[in-house]
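K.L.:
Chain residues, written in single-letter form:
2 protein chains.
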Amino acid sequence: MIEVNHRRYAVPKSPRAIVCLDGSDPAYLDDVLRSARVPTLARFTREGTFAIVNSVVPTFTNPNNVSIVTGAPPAVHGISGNHFFDRAANADVPMNERSYLRAPTILEALQAKGVRVLSVTAKHKLVKLIGAEESAFSAENPGELGRSLVPDRAAPDVYSADASLWVLDAGAAALERGLADVVYLSTTDYVQHKHAPGAPEARAFYEAIDLRLARIERTGAVVALTADHGMNDKTKPDGSPNVVYLASLLDRALGPGTRVTLPITDPYVVHHGALGSCAMIYTSDRDPKKAQSILESTPGIDFVLPRSEAAARYALPPDRIGDLIVLSSRSVVLGKHEEEHDLSHVERGLRSHGGLHEVSVPLILNRRLEKTGHEPRWNYDVFELALSSP
Amino acid sequence: MIEVNHRRYAVPKSPRAIVCLDGSDPAYLDDVLRSARVPTLARFTREGTFAIVNSVVPTFTNPNNVSIVTGAPPAVHGISGNHFFDRAANADVPMNERSYLRAPTILEALQAKGVRVLSVTAKHKLVKLIGAEESAFSAENPGELGRSLVPDRAAPDVYSADASLWVLDAGAAALERGLADVVYLSTTDYVQHKHAPGAPEARAFYEAIDLRLARIERTGAVVALTADHGMNDKTKPDGSPNVVYLASLLDRALGPGTRVTLPITDPYVVHHGALGSCAMIYTSDRDPKKAQSILESTPGIDFVLPRSEAAARYALPPDRIGDLIVLSSRSVVLGKHEEEHDLSHVERGLRSHGGLHEVSVPLILNRRLEKTGHEPRWNYDVFELALSSP
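Chains as they are written, first to last, in my numbering: chain A, 633 to 1022; chain B, 633 to 1022.
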């Protein structure tokens, strides 16, 4: 056994594949399972384990991938968003560097026990955050090992469905060649940002994923899947993005001086225009209660929580969130000033995440779990399930 | 040490008073702390410990009092509301009997170690749920011991501010006379249902509570306070109750046959008309997705979660919740059919709870806690704090 962040994990004696299917809202699985397009996933859910569990809030990629590999919420590991306001630097900075991590990962604890671990991600930012360089690569930056594992094609563009499929192909090949005992495979939500459940592109994507899962399972691996967050349509009835511009609104009401940080921001914003359903508000020397009361009476906003309340409610690190956290309603995203967002790529549709309506994600295992009365509740329980399976 | 529901607690060597101030939304404390009306509470928050933590969802009295005395969420203890639909009996029944409890309480584990425990509650329903008869009584049903502890006045009506003050007086007297080592004192939210933060009646109530807390502290006890849920105004701009009648709405859309159970219901409904911000929907043999999609597009509703999703998100017992759980927005309550609710007592104002906007509650201790990086997050951490203090 190993102990990581006060949880105990079995050191596995057979191969394990843990897959994070970025942006896999349960609605995508509902659709493809109903239409019999995904025989492998269908078998996993029928003969193995299938539950709907929670991702961590804010429902973004970095906090959730790090929760999955640490088995812990952001209060423990410190990653509160893709991006945060660094008071010391007085600037918004991406949280993509290992130095931001405040907790050890299950992956490195397994490595210390001699388990051969490999992480493959679509976006390179995650490699820097979760993986030791020598045992991790990305579709963006595959290196020699990545290229040798997927020899049939060049590593795809990060804005493509194939970036995710390439990740699964690389992981499958590593298991087939006996190069790794435990693989962590993390895809990108490019497809889910662009296409709703039921759309031909979404269905084709999950069909292609299904083929890769079958390939991975044929290696004998225990296969466990979850997601980092769900995904919802964020448009008005006319199809245009449904945005509440928080900085504009607060400037009008209080004068300039409030900082709005959008934790969805990462190096890859083309598919969502940096618009998500969570924002951090910094009121500097002003009483946050004024901004809170203005935002609470703004249509499209579900919750406005002061720092300490948000930290307690969602197990977040208080020093890496705003004076206020704003969570918007199902079809609404949050922006800064209107002129700060380039909507040209999302003007014909915007799907995004970050709030409470994207908390639910699937948890799937190709093994049946015994009912214990303590069912898994979090996406970050996935390593425990995958490692403890016989 | 004792172990209860997989948590360990110290067996205390000095007296402890754990107080649940029913319906104490943080806004009440903000108001009275700002206006210097509550010197004892002010000192506790200044020199001791003061945090905003989470209550359990649905934010009602029974699930939260039971979470507090078991140190566990409803998935463990089984109490999912004040009321639930019992499939076997095919009827809505109150969850006021000990037999509904699926977990041991911290109180009974302390008793088994020879600690003299006393529970005093305002409403008698809670005595039956949490306390062994010989060491528990209520303002409603004080018995000989209750009458002897508060000899200066008859036990007050349950619909009164004094019902709560009587509870605190009885607990203080028990500690003064050395009759108990650990007291659990649980008040009623009659005042909070009737009066907003800042109202003279609310301020007078917390001033009176403050005097009792000083009296309890003079016995040398470690004093810990929390609440079972918050409280919000649930009216339209004209002051009338802001109700979404779910059974009427679903009958119109789907024909009759959907059952709506309101888990706020208890024997004491005069002050809220059985209207709260959470409802359970039973769709019998119909696909719950139809009702879900109708309710999700209904203004005033925040979340509609299928059973398994709600159970995972809020750690609820799946067999004691609806096919769907509905959570309404800050100023909205949920009803059955219009004709099933008597609004005569709430027509000039309705304050209530039950949803996500009443999750935040205070946690206060008259001792300073060391910062450990693992701060308390739940009202049901209160026994751990109270018992582990030196």
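The hints are simulated quantities; they were obtained by calculation from the structure and are not laboratory data. Computed from a prediction, not measured in an experiment: that's the story for all the values here. Virtual Cβ for every residue (Gly too), placed ideally from N, Cα, C. Mixed in with the good hints, there may be bad ones.
To be verified - Partial chain B-side listing against chain A, Cβ under 7 Å, derived:
#1 I684
#2 V685
#3 N686
#4 K921
#5 A944
#6 S992
To be verified - Here are some chain A residues the structure puts well away from chain B; computed CB gaps all over 10 Å:
#7 P658
#8 D794
#9 P920
#10 V991
K.L.:
Of the numbered hints stated previously, which ones are contradicted by the structure, given in increasing order?
P.N.:
The structure breaks hints 4, 7 and 10; every other hint is satisfied.
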